[in-house]
Structures are given as structure tokens and as C-alpha cells.
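Going line by line, the protein sequences match chains A and B.
Quick note, the first sequence lines up with residues 1 to 759 if you use our numbering.
Quick note, the second sequence lines up with residues 1 to 759 if you use our numbering.
Because the hints were derived from the structure by calculation, they are not lab data.
These figures come from a predicted structure and were not determined experimentally.
Some hints could be false.
Each pair may be met inside one copy or between any two copies, as identical chains are not told apart.
[What the hints assert, rightly or not] Result set (BS3-like, lysine-lysine): computed pairs, CA atoms no more than 27 Å apart in a straight line:
1) Lys703 - Lys107
2) Lys177 - Lys373
3) Lys309 - Lys373
4) Lys373 - Lys680
5) Lys648 - Lys420
6) Lys78 - Lys275
7) Lys448 - Lys668
8) Lys373 - Lys668
9) Lys555 - Lys680
10) Lys542 - Lys270
11) Lys668 - Lys680
12) Lys295 - Lys542
13) Lys295 - Lys309
14) Lys373 - Lys245
15) Lys245 - Lys309
16) Lys448 - Lys297
Number of protein chains: 2
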Amino acid sequence: MASLGDIGVSAFINIVGALGFLLAFAFLRLHPINHRVYFPKWYINGQRSSPSRGPSTHNKYLNFNARIYLTFLNWMPKALRMSESDLIDHAGLDSAVFLRIYLLGLKIFVPITILAILVLVPINVSGGTLFFLQKELVVSDIDKLSISNIRPKSQKFWFHISMAYAFTIWTCFMLYKEYGQVAFMRLHFLASQRRRVDQFTVVVRNVPHVHGHSISESVDHFFQANHPGHYLGHQAVYNANKFAKLIRQRERLQNWLDYNQLKFERNPDKRPTRKTGFLGLWGTKVDSIDFYKEKIKELEKRIASERQKILNDTKSVTRVAFVSFDSRWGAAVCAQTQQSKNPTLWLTNWAPEPRDVYWRNLAIPFVSLSIRKLIISVVVFALVFFYMIPIAFVQSLANLEGLEKVAPFLRPVIELKVIKSFLQGFLPGLALKIFMYFLPALLLLMSKIEGYISISELERRTAAKYYYFMLVNVFLGSIVTGTAFEQLHSFLHQSPTQIPRTIGVSIPMKATFFITYIMVDGWAGIASEILRLKPLIIFHLKNMFLVKTERDREKAMDPGSVDFAETLPTLQLYFLLAIVYAVVTPILLPFILVFFGFAYFVYRHQIINVYNQEYESVAAFWPHVHTRIIASLLISQLLLLGLLSTKKAANSTPLLVALPILTIWFHKYCRSRFEPAFRKYPLEEAMAKDTMERASEPNLNLKAYLADAYLHPIFRSFDDLEMGEVRLDKNQSHITSPSISEVSSHSPPHYVYHYEAEP
Amino acid sequence: MASLGDIGVSAFINIVGALGFLLAFAFLRLHPINHRVYFPKWYINGQRSSPSRGPSTHNKYLNFNARIYLTFLNWMPKALRMSESDLIDHAGLDSAVFLRIYLLGLKIFVPITILAILVLVPINVSGGTLFFLQKELVVSDIDKLSISNIRPKSQKFWFHISMAYAFTIWTCFMLYKEYGQVAFMRLHFLASQRRRVDQFTVVVRNVPHVHGHSISESVDHFFQANHPGHYLGHQAVYNANKFAKLIRQRERLQNWLDYNQLKFERNPDKRPTRKTGFLGLWGTKVDSIDFYKEKIKELEKRIASERQKILNDTKSVTRVAFVSFDSRWGAAVCAQTQQSKNPTLWLTNWAPEPRDVYWRNLAIPFVSLSIRKLIISVVVFALVFFYMIPIAFVQSLANLEGLEKVAPFLRPVIELKVIKSFLQGFLPGLALKIFMYFLPALLLLMSKIEGYISISELERRTAAKYYYFMLVNVFLGSIVTGTAFEQLHSFLHQSPTQIPRTIGVSIPMKATFFITYIMVDGWAGIASEILRLKPLIIFHLKNMFLVKTERDREKAMDPGSVDFAETLPTLQLYFLLAIVYAVVTPILLPFILVFFGFAYFVYRHQIINVYNQEYESVAAFWPHVHTRIIASLLISQLLLLGLLSTKKAANSTPLLVALPILTIWFHKYCRSRFEPAFRKYPLEEAMAKDTMERASEPNLNLKAYLADAYLHPIFRSFDDLEMGEVRLDKNQSHITSPSISEVSSHSPPHYVYHYEAEP
């Protein structure tokens with residue numbers, strides 16, 4: 001049991017750490033040379049084309065105006081200045097709603113914190129018999145502020161139960177309001193924004209092979225028959241995965257070529273050389289620039305032949321197509337209805353917006369999807385509960401004895417006492433740290449294998465997996481000792497009512513651990529987020545070795561985006577901690593409030609100045625956030641039930657059992673009330689928008705507008721001339737597919753969109 | 001433990017009982033006077049208008065041709081003669097698919113029975129050490145044929161495990177084929193049948209109140225705006241619940257009047273009299289015929305005023321409407337899409353066919369539905385687990401001492417030894433028997449309170465509740481001793497892995513009980529079904545006291561229908577028993593096979609000759625049947641796992657765990673593959689049907705066809721003149737609602753369907 005003093009020390013260390021990060025940020029962001037790392041959003045929006053605009057402009061790269069460092073927190077008020085509607089315009093609805101989650105945390109937990117500290121803490125403190133006997137212990141032990149201090153069978157538990165009710169009702173009330181607000185914002189955003197291609201487009205999967213007809217012909221025929229008067233055309237999807245791989249290879253080689261050319265320019269008397277063998281480690285020495293030029297030439301040939309293959313081989317047309325309609329109404333109807341008698345054919349769904357499409361998965365045959373999902377869910381289960389097994393195995397290898405065996409020459413160094421103790425503390429954790437670092441990428445890979453076709457969906461699924469992992473291994477794993485596997489084993493052999501009891505009892509005891517966790521992971525972690533150490537280093541490395549032109553510098557800039565797959569589960573973990581401890585150990589709440597407030601500032605700053613969202617899912621993640629907060633409520637209610645049953649407050653059981661039932665009912669109600677706004681597109685809305693548009697732009701050429709919105713982005717990497725060729729080829733090989741007859745760049749308005757009817 | 005001999009005795013008794021029922025049926029059905037009880041379907045179809053057509057016609061009412069009684073089973077081949085497609089034409093798809101469930105039982109379990117008896121029984125028999133020592137015990141104890149006879153840790157369990165796999169795979173394979181077949185039959189039925197009003201109609205719920213507009217105006221306005229070119233008109237729904245109640249009262253009084261008039265006719269010298277007080281028990285004596293005539297006159301007045309109220313009061317228009325479209329495509333689109341920005345308004349769904357609408361629930365405000373569902377689910381849970389508490393209470397009252405206290409004059413009779421022992425055996429069970437008799441009605445009432453708007457949906461929900469009750473109280477309750485409440489209590493305090501173990505161990509021991517249960521409930525029960533004792537008695541009573549004209553006799557005939565709410569859960573219980581015992585005690589299977597075969601014959605006969613389905617849900621119950629058979633598979637796998645874990649065959653666990661995972665996956669696959677056929681109407685299908693119809697009947701007046709298909713049936717009870725009045729009134733009070741200008745009967749083709757546009 002840590003004392004309040006220990007917590008104070010930990011808080012001091014973490015606050016100093018956070019301040020250190022903030023100071024470093026304040027220092028670094030003022031130098032114009034770093035502006036592309038700390039203000040990339042403004043470059044992308046075109047509001048700042050050179051790093052010249054800054055508080056002081058007397059040096060183009062560095063800024064040594066010392067006075068400015070005193071105001072190292074002045075980004076905070078700046079971050080608040082933008083209104084929410086401006087923020088939506090600036091960064092999109094996803095980001096704005098993401099920020100609202102932090103605000104929601106504050107809205108829910110500030111009143112709860114005040115109430116809990118005013119009511120529950122005095123009751124808890126006055127509850128213990130120890131209070132009168134050993135007064136000094138109360139101050140030094142956080143447990144005395146928690147529910148543990150109440151004697152069994154005490155009537156004081158009624159306060160805790162009524163507080164549990166009050167907190168649940170308040171949380172549900174705020175959740176309800178927030179869900180309504182977010183749903184409204186989503187519909188408003190959809191209604192008020194400009195015309196979007198995805199509003200007119202439906203993705204159809206599992207197009208059947210009809211003998212003697214190409215996929216394109218089948219699609220045309222089917223939709224002309226079943227959506228007459230609404231169907232406009234479609235975009236076939238090519239399986240360009242191999243092609244995309246070659247393009248990526250070319251890019252990599254181009255980078256190496258640039259690097260060597262730059263090296264040569266700076267040092268003109270020595271032509272750079274490299275060896276031809278594996279990784280350039282052995283083989284004959286050759287001139288690097290010639291070598292890469294030759295390689296790129298080779299690759300170009302392969303790319304050209306691969307392109308021909310894609311265009312001429314009917315097998316490269318996947319059984320997926322993007323189908324466009326002449327109105328939002330037509331698309332909404334097609335997306336929400338069943339098309340075919342065989343419900344596994346002609347599956348229609350809203351198309352994700354073009355930026356959001358994960359092209360690689362469009363080529364996955366539909367039949368394999370359900371098997372993929374089965375396998376991945378088994379793998380995720382195994383990962384969550386058994387991930388410690390391989391890590392423990394690696395740890396058992398990666399000890400000092402193992403190291404000495406592999407590298408006996410290191411023995412004298414290792415045997416030094418200082419180094420030995422450092423290594424002994426460091427090595428066993430290393431495997432775990434490496435695993436945790438790669439975990440999100442691993443989970444993303446699993447989601448990709450599952451075959452989701454939009455990046456936003458991939459991120460949501462990854463977030464769900466990460467949340468399960470955190471729930472089991474961080475939350476439960478910290479409360480109940482032993483590995484998750486051992487927990488699973490003991491849970492299976494305990495009675496269902498025993499489980500909340502086992503966990504419930506240990507919850508108050510772990511409060512200090514979680515307070516420390518919040519400070520390390522929450523406070524210091526968020527402060528490090530604003531520093532952007534990794535992008536900073538990568539940017540300067542690229543700047544040094546690859547950048548030749550201003551356009552290259554533009555490309556070297558990596559604004560990143562809010563990493564929903566990681567931040568959402570983390571955030572939900574804090575909600576869980578706050579809800580669970582609100583009744584049990586209210587003193588934990590202020591620490592979480594600091595996290596919510598601080599993270600709100602940081603992310604608001606980052607969203608305004610740094611991140612550039614890849615896609616706009618229009619807050620599609622919100623239902624998941626809502627569901628997981630509800631799940632947290634349920635978990636907290638179950639654990640409180642278990643805790644109180646050990647306190648022999650058995651007469652409270654019926655009251656506490658009613659709570660989860662009401663919560664589940666509330667969730668169901670919310671789902672029926674709001675979720676359709678996130679899953680479907682109401683016809684009323686679609687019709688209103690269509691009517692308005694027809695009135696305001698009667699001569700709009702929608703076909704031209706939709707022309708090649710859903711062309712695989714890889715085809716965009718061609719030059720204009722090549723593009724024309726590709727399209728012509730397409731036009732010849734699949735007569736009925738939409739095609740553009742004129743060679744032109746892909747800015748829509750000039751297109752003429754030809755449409756050949758079925759013969 | 002019952003011996004094989006005991007089972008033989010029980011089998012003999014039940015077979016004799018079943019034969020008795022069959023003989024009684026053979027005797028009764030030959031008398032022309034009973035033909036309206038045993039062949040009502042033929043009267044309804046109009047193929048037999050008087051009871052004259054029979055094997056022998058020498059007596060109009062009775063038939064004493066003795067030779068015929070020798071062929072008392074000759075209805076069986078007759079029942080098989082009708083082909084499935086004829087059966088669908090004759091009795092509808094629901095009945096045909098219902099019969100297929102019994103056939104499915106045979107298809108699944110005949111091969112399983114053969115395999116299990118050939119492979120598992122010899123293995124089980126050879127397994128016991130007791131076999132060699134006490135040979136005679138083997139024959140007299142059914143346990144020696146079951147898995148209990150295998151010694152712990154025996155390698156022979158591999159046979160059982162591989163059989164569990166084989167049975168699961170075979171069951172899934174047959175289920176898959178059957179689901180596909182039923183889905184095909186459903187789509188084929190929908191495609192091939194004549195035009196149906198419900199194909200063009202959508203029911204819309206929660207129509208919002210717009211200030212200054214009537215509900216009808218809102219509906220018109222909304223659908224004209226959002227489904228232009230497809231919307232045809234709508235039928236407002238009136239809250240006629242009170243009106244319907246008055247009509248029912250009048251009918252009851254009319255029956256009493258008829259009874260008294262008939263009495264007077266037969267006995268003209270004595271006018272029947274009754275007393276005016278409660279139930280006619282006291283008060284002044286009056287002439288019965290005058291009394292009822294007066295009462296009916298009074299009621300007529302109230303009916304007339306109530307009708308005026310309905311027609312003039314805008315509040316009697318509920319927030320529900322039946323909206324009609326000009327094509328199946330338009331209706332399919334409207335039914336499957338979300339209409340309004342607020343997802344709780346304008347909720348559209350396929351309209352049930354007019355016969356299937358449960359009118360009373362249309363008036364339930366939509367907001368109360370989710371609360372109703374919450375309350376009913378709590379009540380059902382309580383009913384399933386705690387129903388024994390009130391019954392035990394009643395039982396404690398209904399004992400002999402209580403009876404003697406209430407009625408001391410009965411004491412001498414009660415004290416007689418024979419009567420005393422009879423009463424002691426009979427009284428305690430009485431409350432339970434009464435409860436079980438009223439249980440389906442009680443569950444139906446609960447489903448009605450939940451607010452479902454179609455009778456078929458009501459029956460399916462009732463069936464689900466009844467299934468839960470049977471699963472917990474018949475299946476688990478018989479296996480684990482003690483009341484369901486005690487089970488729940490002990491289950492909550494056991495570990496989750498202990499539960500299948502506790503149940504698994506007792507399963508082989510209960511085989512004899514279930515064999516007896518199958519014979520009593522299955523064999524004899526089904527045989528009593530064919531006798532139709534209750535309808536027989538009621539028909540003859542009515543015939544005696546109420547029937548004056550041939551039309552009255554027609555009305556007295558009660559063909560009934562397949563009671564899905566009771567038969568489906570029963571059937572599913574047999575599937576559960578068969579699947580659970582297939583591996584454990586295969587000797588139980590032949591008894592279930594006899595049930596499936598016998599019940600198939602009986603229901604086939606009844607469906608052909610007796611039942612007249614009230615509605616046609618086009619096999620909408622099939623997904624539930626499928627799901628519950630899958631659930632039975634899962635239960636059997638879990639119990640086998642528990643059973644084998646007590647047999648210390650622990651190395652089999654991973655193999656057995658894989659089984660439920662694969663089963664769940666199979667279920668998910670089936671659901672995505674077939675269920676949409678039961679929930680949605682594919683646009684391809686709708687369009688094909690529309691196109692065909694337009695080609696074959698270009699001059700069809702759809703408006704006239706749909707005119708008042710969804711008028712509340714209570715309004716049909718008016719005479720033609722009244723009808724016209726009602727419609728005119730309607731037309732005046734709600735100008736925009738569809739109305740018929742000419743007074744005519746309600747056979748559609750002559751209607752002129754006026755449609756006034758929005759002002």
C-alpha cells in the first residue's frame with residue numbers, strides 16, 4: 001500500500017516530466033525550421049507556404065528570442081480560440097467529435113467528483129474504527145479514504161448505493177444528451193457540406209459471374225433492370241495489388257537514387273558506390289547512381305507489363321464495383337435494401353469516401369470473409385489471454401546467462417555490477433516492451449486480414465481489439481494478480497457470482513497503482529504527444545538526406561492524424577477507471593480530471609496545428625464509444641455488487657441488481673433512438689438535399705462529377721498522357737464500363753462521360 | 001432406475017392408450033354428424049357443402065356399417081396421398097413447412113439412430129466390468145446401454161467423440177439443406193402466388209403529430225414528398241378497440257337470444273324466463289326473449305354513438321397507417337429504408353397480411369413499447385424460474401384439512417379411505433395442472449402486452465417464451481432435482497465449468513424418465529390430438545342449443561389451426577432430447593423416431609382435413625426453428641463436455657471445445673446466407689414481379705384493388721348501407737384519406753378510388 005507521500009513523490013516526478021516535455025515543445029516549436037513538424041496543418045491548408053510567419057522573423061531557421069520561452073504555455077489559450085464550427089471546417093467532424101469525448105469526460109466527472117468528495121470521502125473517513133485509534137495512519141494511507149474503511153454490515157453503505165444510482169443516472173443523462181448532439185452534428189454535417197461523391201455511390205460486393213458476360217456487363221444489366229431511372233453508371237475495381245507493390249518499390253528506389261544524387265552534389269569529387277549483394281553488404285562494387293537508375297528502368301518495364309496485364313486480363317476485374325446513382329435518394333435506396341434473391345450476392349452498402357477506401361481488401365473473395373473472421377476472432381482471443389506465454393519464453397532466453405553464452409566476449413562488461421543490475425532490470429521487460437510497441441500494428445494487420453474495405457472501419461475494429469486487450473490485461477490484469485491465462489483458468493473454475501467478488505475486493509487496494517498509472521501514462525504520455533519526437537527526427541533526417549526541392553520537403557512532412565485505434569481504447573480505459581472508482585475510491589477522480597483537461601488542450605492544439613485526417617468518417621466511431629462507456633457502467637455495477645456482498649450488505653443486492661438491468665435497457669433505447677443515424681441515410685434527408693440541389697444547380701452534370709472518383713488511386717500516379725491511355729484501354733476492353741473519351745487531368749468539370757448502353 | 005421391463009409395461013400402456021384414441025377417432029369420424037368436426041377444411045374450401053358424402057350414405061347422421069371399423073388406420077395412406085405442392089395450395093406454406101419439420105426430424109435422426117445403435121450400443125455394452133459378472137443385470141437395466149457403462153479414462157470415449165462430430169456434421173448438413181429448401185419454397189411461394197395486398201403495403205408507425213394537420217394529411221404529405229411516383233394512398237387506422245368490445249357483447253347477447261328462441265320453439269307452451277340480477281341468479285323474473293331483445297336494442301344505440309365518436313373525433317385516428325404503393329418495388333424500398341432524420345419517427349415495416357393484423361395493438365403508443373418489453377422480459381424470467389412459488393402456496397392451501405375447514409359437511413365423505421387417498425394424490429397436483437393448462441394463454445397475453453401487431457409475430461413470441469419455460473422446467477428441471485429457483489441459486493454459486501458437469505452426470509440416469517415422457521406426451525398426446533375431443537363436444541353443444549340455420553351450423557364449426565405457439569416448442573424439445581441422448585443413451589432415439597413418424601401422419605391428416613390457418617406468414621417461423629435446433633446442438637455439446645470431464649477423459653477437451661465454436665460459426669453463416677429471405681424482400685424479385693404483371697395486366701386498377709384491404713374488420717360487420725355511411729363520414733372528416741364514393745359491397749373490382757391531393 002503506497003502512502004499519500006509516495007503518491008506525492010510520483011506526482012512530482014510526473015509533473016516535472018510533463019513540464020519537461022512542454023518546455024522542450026515550447027523551445028522547439030519556435031524555430032521556423034521545425035514549423036513543418038509542429039504546424040503542418042497550416043501548410044496543407046495552404047495558409048502558410050513558407051516557414052516565415054512566426055512570432056519573430058529575424059532568422060529563417062532558428063529563433064533565439066529568449067523572452068518568448070517564458071510564455072511556454074501560451075499555445076493553450078490559442079488552442080481554445082477556435083469555435084467548434086470553425087474546427088469542423090478546419091479539421092473535419094471526426095476530430096471535432098473526438099475532442100468532445102474529452103469534454104464529455106469532464107462534463108460527466110466534474111460533478112461526480114465534487115459530489116463524491118463532498119459526500120463519500122467524509123463518510124469513508126468517519127467509517128473506520130482505526131480512525132480514532134491511529135490518527136496519523138489515516139493521512140498516510142489512501143485506503144482510509146475509500147470504501148474499504150467502512151465496517152461490514154454498516155448502514156453507511158446506503159450512501160454508496162444511492163451515489164451509485166446518482167452517478168449512473170447522471171452518466172446516462174449526459175450520454176443521452178451527447179449521443180443526441182453527436183447524431184445531430186453528423187446529420188447536420190452531412191446535410192450542410194458540399195456535394196460528396198460517396199453520397200451518390202454504393203459499393204456492391206459479390207457480383208456473380210454470369211457465363212458469357214463480363215463483370216461490368218453484369219453490373220450494368222442488373223442495376224439498369226432493378227433501379228431504372230436512378231442508375232447512372234459504375235466503376236469497375238481492378239485487382240491492382242501487385243501493381244501497387246511495384247509502384248512502392250519504384251518509390252523506394254527513387255528515394256535511394258535521390259539520396260545518392262544529393263550526396264554526389266554535396267561532394268562532387270567522389271561518386272557514391274555500393275555493393276550489388278544483399279543489402280549492399282557484399283558483391284562487386286558499382287556506381288550507386290547508375291545502379292539505381294538501371295534498377296528503376298528495369299522496374300518501369302515490369303510496371304508497364306503489369307499494367308497491360310491488369311487492363312487486358314478480365315480476371316483482374318474483381319467482383320466488386322462502385323455503382324453511382326443520379327440522386328442521393330437512389331443511392332440511399334440501393335444501399336439499404338436487399339438486391340438479390342440469393343442474399344449473399346449483390347451485397348450493397350454505402351461506399352466509403354474515396355480517400356477512405358482500403359483498396360487492397362476489395363480483391364478478397366467474399367466467400368472467404370466469414371472464415372477469415374472466425375480465424376481472427378480465435379487468434380484475438382488467444383492473443384488477449386495467452387500473449388504472455390511466448391513473451392515469457394523469450395524472456396527466459398533473454399537473460400544474462402543466455403547473453404553471455406551467445407556473446408562470451410561481453411562477459412567482462414556484463415559482470416560489472418552497475419551494468420549487470422541495469423541489464424537484469426531491463427532485459428526481461430524488453431520483450432514485453434517490444435511487443436506492446438508493435439501490438440497496435442499487429443491488431444491492425446489482423447483487422448486487415450478480416451477484410452474490411454474502408455480505413456475507418458479498419459481503425460474501429462483495431463480499436464475494439466485493443467480495448468479488449470487493455471480491459472483484460474491492464475484493468476483486470478492489474479487488479480487480479482497472475483497472468484490473464486491464469487485468471488481465465490481460475491474464472492472458469494469459480495462460480496459466476498464469485499468473480500465480481502474476487503475482483504471487487506481487490507479494487508480499492510489497487511487505487512494507488514492506478515493513480516500512478518494515470519500519471520505516467522496519462523499526464524506524461526500526453527505531454528510527450530505534443531512534442532512529436534518521432535516525426536521531428538524523421539523529418540530532419542529526410543530533410544538532410546532526401547529533400548531536393550520544395551515539393552520534396554512538402555512530401556517529407558508527416559502531419560499524421562489522430563490515431564483512433566490507440567487513443568479511443570486508452571480513453572475508454574480512463575472512463576472505465578473513473579466510473580469504477582467513483583464510488584469505491586473517489587480520490588482517484590481528480591487525477592483523471594486532470595488527464596481529461598490536459599489531453600483536451602493537447603489534442604485540440606494538435607488537431608488545429610498538426611494532424612491532417614486521411615479520411616472523414618463523419619463520427620462513425622461514436623456508437624462504439626457510447627457502447628463502451630455503457631459497458632464500463634455495467635462492469636462498475638457488477639464489481640460494486642461483488643464488493644458489497646463481501647461487506648455483508650446483502651439486503652442491498654436487489655437494489656444493485658436493478659441497476660444493470662436499467663442500464664442495459666437505457667442502452668437499447670439509445671441504440672434504437674440514435675444508432676440508425678450512424679448506419680443509415682434517411683430518405684427524407686436524401687430527398688430534401690436532392691430537391692435543393694436540383695433547384696440551385698439545374699444544369700449539373702452528375703455523370704461528369706462522378707466520373708472517376710472511385711478509380712484506384714494507383715492509376716492516378718500516371719502522367720496525364722498515360723492516364724488517357726489507361727482509360728482508352730479500359731474503354732476497349734470493357735465496353736460498357738464508364739469511360740472518359742478525352743485525355744485530361746482529373747479535375748472533374750471538363751469531363752465528358754460516355755455511357756454505352758447494353759447491346 | 002427403471003428396468004427394461006418397466007419401460008415395456010409403460011410402452012404397452014401408452015400404445016394401448018394411443019390405439020384407444022385412434023379407434024375412437026375411427027369410430028366417430030365415420031358418422032356424418034361428426035363430419036363438420038373431422039373434415040371442416042373441406043367445407044371451408046367449398047368442396048363439401050353437406051355431410052352427405054361419406055363412405056356409406058344410408059343414414060344422414062349415423063353410420064353403422066361395421067365392416068368399416070376394421071380399417072381404422074386407413075386414414076394414414078390417405079393422408080400421404082397429397083403431394084407437397086397440392087398441400088401448399090390446399091393449406092398454405094406455413095402448414096407445409098410445419099410438416100417438413102417432422103420429416104427433418106426423421107431425416108436427421110434415422111441415420112443417426114442406426115449408426116448409434118450399431119456402433120455405440122455395442123461399445124457401451126462391452127464397456128462395463130459388470131457385464132461379465134452379472135449378465136442378467138445388463139438386460140434389465142437401460143444404463144448398461146449408455147455411456148455410463150464405460151469405465152473412466154477408457155480409450156473407448158474416442159468413439160463417442162467421433163460420433164459427436166459425425167452427428168453434428170450430419171445435423172448441420174441436413175439443417176443447411178433444409179434451410180435452403182425452405183428459403184427457396186418461401187421465395188417461390190411469394191413469386192408464384194397471386195397478387196396480394198400486403199406486397200404493396202407498408203405499415204408506418206409513430207407518425208408525428210404536426211400542428212394544424214391531421215395524421216392523414218401528414219402521412220400523405222410525407223410520402224408524396226419522399227416517395228414521389230410510387231406512393232398511392234394510405235389507410236388510416238382507427239382506434240376501434242372499445243367499438244370492437246361492444247360488437248362482441250352484442251354477439252354474446254344474440255347467442256343468448258337465439259338459445260332462448262330455440263328453447264321456446266321446441267317448447268312453445270312455456271316462454272323462457274330469467275332473473276335480472278347478477279348472472280341471472282336473483283332479482284325479478286322477466287321474459288328472457290324480451291329481456292335480450294331489449295338489451296340488444298340498448299347496445300345498438302351505444303354502438304351507433306361509439307361509431308359516430310370514432311368517425312368524428314380526430315383522436316380516434318391512431319399514429320399508425322397502412323401506406324400503399326403502386327408497385328412491389330416501391331413498397332420494398334419503403335419497408336427496408338429509414339425514412340426520417342429522427343429514427344424513432346416514421347418507422348416503416350412490411351404490413352402483415354390483413355388477416356394477420358392484430359388490430360388491438362395498433363393503438364398502443366410507440367413510446368411505451370420499449371418499457372413494455374422490459375417489463376415483460378422481467379416477468380417471463382420470473383415466471384420461468386419462480387413459477388413454483390405461488391403454486392406451492394396454493395398447494396399448501398388446497399389440502400384436505402383446508403377443504404374440511406371450508407366445507408365441514410364434506411368431512412364424512414373425505415374421511416372415506418378410498419376417496420381420501422385419491423384426493424391426497426390429486427389435490428396437490430391440481431394447481432400445477434391448471435397452471436400448465438393456462439400457461440400458453442398466459443404467455444400469449446404477455447406477448448400481446450409487448451405490443452406486436454401481427455398474429456403470426458404474437459405466436460412466434462409466445463412460442464419462444466414457451467420454449468424457455470420447457471427448456472428450464474421440463475428438460476433441466478427433470479435432470480437436476482429441485483425447483484428451477486433452487487437450480488438458479490445453485491448455478492449462480494457454482495463455477496461455470498461445474499454446471500455442464502452437474503447436468504452432464506445426471507443425464508444418462510434420466511434416460512428412462514424421458515423415454516416414459518416421450519411415450520405419454522408424445523405418443524398418447526398426439527393420438528389424442530386426432531380425436532379433437534374438445535371441438536367435438538363444443539360443436540355438438542352448439543348444435544344442440546344455438547344452431548337454427550345452416551349458416552349458424554357453419555359458424556359453429558371450429559376447424560382450429562396448427563397451434564404454433566405450443567407445437568413448435570414441444571417439437572424443439574424432442575429435437576433437444578434426441579440430440580442430447582444420441583451420444584449418451586442412443587436407445588432413447590427409436591422412441592423419438594416413432595413420435596416424429598406418428599406425429600407426421602397425424603398432423604398431415606389434420607392439416608388436410610381439419611385445420612384452417614387464420615393467416616399465412618410464409619414460413620416466417622423457420623429461422624426460429626433453425627436457431628433452436630442449433631441451440632440444442634450447443635447444449636448437447638456442452639453437456640457431453642461436462643459428462644466426459646467427470647469421466648476423466650480430459651485429453652478430449654480441446655477436441656470437444658472446437659465443436660461448439662464450429663457450430664456457432666455454421667449458424668452465423670446460415671444466418672447471413674438465408675435469413676434475409678425471411679426478413680427482406682429482394683428488389684430483383686419485386687421488380688421481376690412488377691414487370692410481369694404490367695405486361696400481363698396493363699389496365700389493372702391497383703388503387704381499386706387496394707381500396708379498403710386494410711380497413712378494420714369491425715367496419716365490415718356493418719351492412720352495406722352503413723358501410724357507405726362510414727366511408728362518407730370518413731371522407732368528410734379527413735378529406736385526404738382514401739375514400740370510396742359509391743356505396744357498394746367490399747369485393748374490390750367495382751370500386752372507384754378517389755384521391756384528393758393536398759390543398
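Here is what the structure says about each hint:
For a Cα distance limit of 27 Å, the shortest separation of Lys703 from Lys107 qualifies neither inside one copy, at 47 Å, nor across copies, at 55 Å. Proximity of Lys177 to Lys373 under the C-alpha cut-off of 27 Å is restricted to the inter-copy arrangement: shortest distance 23 Å between copies versus 35 Å within a copy. When the C-alpha separation of Lys309 and Lys373 is checked against a cutoff of 27 Å, the pair qualifies neither within a copy, at 31 Å, nor between copies, at 59 Å. Taking the shortest alpha-carbon separations for Lys373 and Lys680, both the intra-copy value of 24 Å and the inter-copy value of 25 Å come in at or below 27 Å.
Proximity of Lys648 and Lys420 under a CA criterion of 27 Å is satisfied in neither setting, with 50 Å inside one chain copy and 48 Å between copies. For the homomeric pair Lys78 and Lys275, neither the shortest alpha-carbon distance inside one copy (53 Å) nor that between copies (91 Å) is at most 27 Å. Taking identical chains as interchangeable, the C-alpha atoms of Lys448 and Lys668 lie at most 27 Å apart only when they sit on different chains, with a minimum of 21 Å there against 30 Å within one chain. In this assembly of identical chains, Lys373 and Lys668 lie within 27 Å of each other by CA distance both inside one copy and across copies; the values are 26 Å within and 11 Å between.
Proximity of Lys555 and Lys680 under a CA criterion of 27 Å is satisfied in neither setting, with 37 Å inside one chain copy and 49 Å between copies. Proximity of Lys542 and Lys270 under a CA criterion of 27 Å is satisfied intra-copy only: 22 Å inside one chain copy versus 116 Å between copies. In this assembly of identical chains, the alpha carbons of Lys668 and Lys680 lie at most 27 Å apart whether taken from the same copy (17 Å) or from different copies (23 Å). In this assembly of identical chains, Lys295 and Lys542 lie within 27 Å of each other by CA distance solely inside one copy; the values are 22 Å within and 99 Å between copies.
Taking the shortest Cα distances, Lys295 and Lys309 sit within 27 Å of each other inside one copy (21 Å), while across copies they are farther apart (90 Å). In the homo-oligomer, the alpha carbons of Lys373 and Lys245 lie at most 27 Å apart inside one protomer (25 Å), although the nearest pairing across protomers, at 54 Å, exceeds that limit. Only within a single protomer do Lys245 and Lys309 lie at most 27 Å apart by alpha-carbon distance; the minimum there is 15 Å, versus 76 Å between protomers. In this homomeric assembly, Lys448 and Lys297 never come within 27 Å of each other (Cα to Cα): the closest approach is 32 Å inside a single copy and 76 Å across copies.
When each numbered hint is compared with the structure, violations occur for hints 1, 3, 5, 6, 9 and 16.
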